[in-house]
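Engineer: The residues making up each chain are set out below.
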Amino acid sequence: MALSDTLEHYVLLASLIFTIGGVGFLVRRNVLVQLMSIELMLNSVNLLLVAFNRVHGATMGGQMFAFFIIAVAAAEVAVGLAIILSYYRLKSTVYTDEADLMRH
Amino acid sequence: MSAGDLLFALCAVACLAGAIITITAQNPIRGAMGLLTTIFGIAGLFLILQAEFLTAIQLIVYAGAVVVLFVFVLMLLGADARAPARSGRSGASRAFGGGLFALISIFALISVGSGDGKLTKFGPVAESHGSVEAVGREMFTKGIFAFELASALLIVAVIGAIAVARSRQGAVRPKRTIRSPRDLFAGPVHPRDAGRPLPSEGAE
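Just so you know, the protein sequences line up as chains A and B, in that order. Per the numbering used here, the very first residue in the first sequence carries number -13; after that it's consecutive. Per the numbering used here, the very first residue in the second sequence carries number 25; after that it's consecutive.
Bound conformation, chain A alone (with noise of 0.2 Å):
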């Protein structure tokens, strides 16, 4: 049996990052850890994307589109990262518990 060469295991681990992904996002209340379980999400996508272009080797497709969400992943943090920040200027604490600004 080869591990290697097989898309399944791929599709597998793939899945797996992302519902640990999930998970954290989900559970953890510290905006900083959630935006890193965006992270794990978006880069579990990409090896999907990347697996699959390795099947269809024909075109680079997949290899494109893990590009282009690695371009977009890189704008999210930036910006995420940034709107943090200012929300930590103004409340002093990072944990979503307490971003209830806007609840009616």
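Hints are computed from structural coordinates only; laboratory data are not their basis. The structure displayed is predicted, hence computed values, not measured ones. Don't take every hint at face value.
What the hints assert, rightly or not - Some chain B residues judged to face chain A by a derived CB distance under 7 Å, without partners named: (1) Asp29; (2) Gly55; (3) Ala75; (4) Ala87; (5) Gly88; (6) Arg118; (7) Phe131; (8) Gly139; (9) Leu143; (10) Val149; (11) Ala158; (12) Gly167; (13) Leu178; (14) His214.
The beta-carbon is built from N, C-alpha and C at its ideal position, and this holds for glycine as well.
Here the structure of chain A is known, so what remains is to put chain B in place on it, guided by the hints.
Structural biologist: For chain B alone, coordinates are given in the frame of chain A:
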């Protein structure tokens, strides 16, 4: 077991361990290190999948920029951001949501995995698959519009980040009032000299 299998096992273990550390670590710095482990593991998997260009991009952008940015912000916020100020609400609903999400995704995985049991093996690909040249050619022919849009997005994101995170303390500096000669000196007075009269005050 070939070298590729060994690398796959190593990277998979690194990915999973890093992911679990990321979401369980109480200290967010440790979580950032877990994220770094996962990113390195995924870069190794990209290498196995013959995506050399993406391996380099993954290491440069994620390990070099994103994790460093996280660590910067964690250091900037410091230890104050670690301890929760008050835990008003219980964690039961969050634990329920997380558990439900995990159950659904594991169930989906099992239901997909129990198909006909046939595994998809990777076929042979061209030697240039995933190289900088091949990806670059694809990107600047088919994906040129998306590429330009991505650059516009990054510029907008940088400007937006600066606009959101910029401190506005400089704009509301209080008006300076001069009551004593000491106020003419801008900086803080040394504690040793704080209560001591200035020479001109003493002369009067």
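Engineer: Indicate, hint by hint, whether the structure satisfies it.
Structural biologist: Here's how the hints hold up against the structure:
{"no.": "1", "hint": "Asp29", "result": "holds, 4 Å"}
{"no.": "2", "hint": "Gly55", "result": "holds, 5 Å"}
{"no.": "3", "hint": "Ala75", "result": "holds, 5 Å"}
{"no.": "4", "hint": "Ala87", "result": "violated, 11 Å"}
{"no.": "5", "hint": "Gly88", "result": "violated, 10 Å"}
{"no.": "6", "hint": "Arg118", "result": "holds, 5 Å"}
{"no.": "7", "hint": "Phe131", "result": "violated, 11 Å"}
{"no.": "8", "hint": "Gly139", "result": "violated, 10 Å"}
{"no.": "9", "hint": "Leu143", "result": "holds, 5 Å"}
{"no.": "10", "hint": "Val149", "result": "holds, 3 Å"}
{"no.": "11", "hint": "Ala158", "result": "holds, 6 Å"}
{"no.": "12", "hint": "Gly167", "result": "holds, 5 Å"}
{"no.": "13", "hint": "Leu178", "result": "holds, 6 Å"}
{"no.": "14", "hint": "His214", "result": "violated, 30 Å"}
Taken one by one, the earlier hints fail for this structure at numbers 4, 5, 7, 8 and 14, listed in ascending order.
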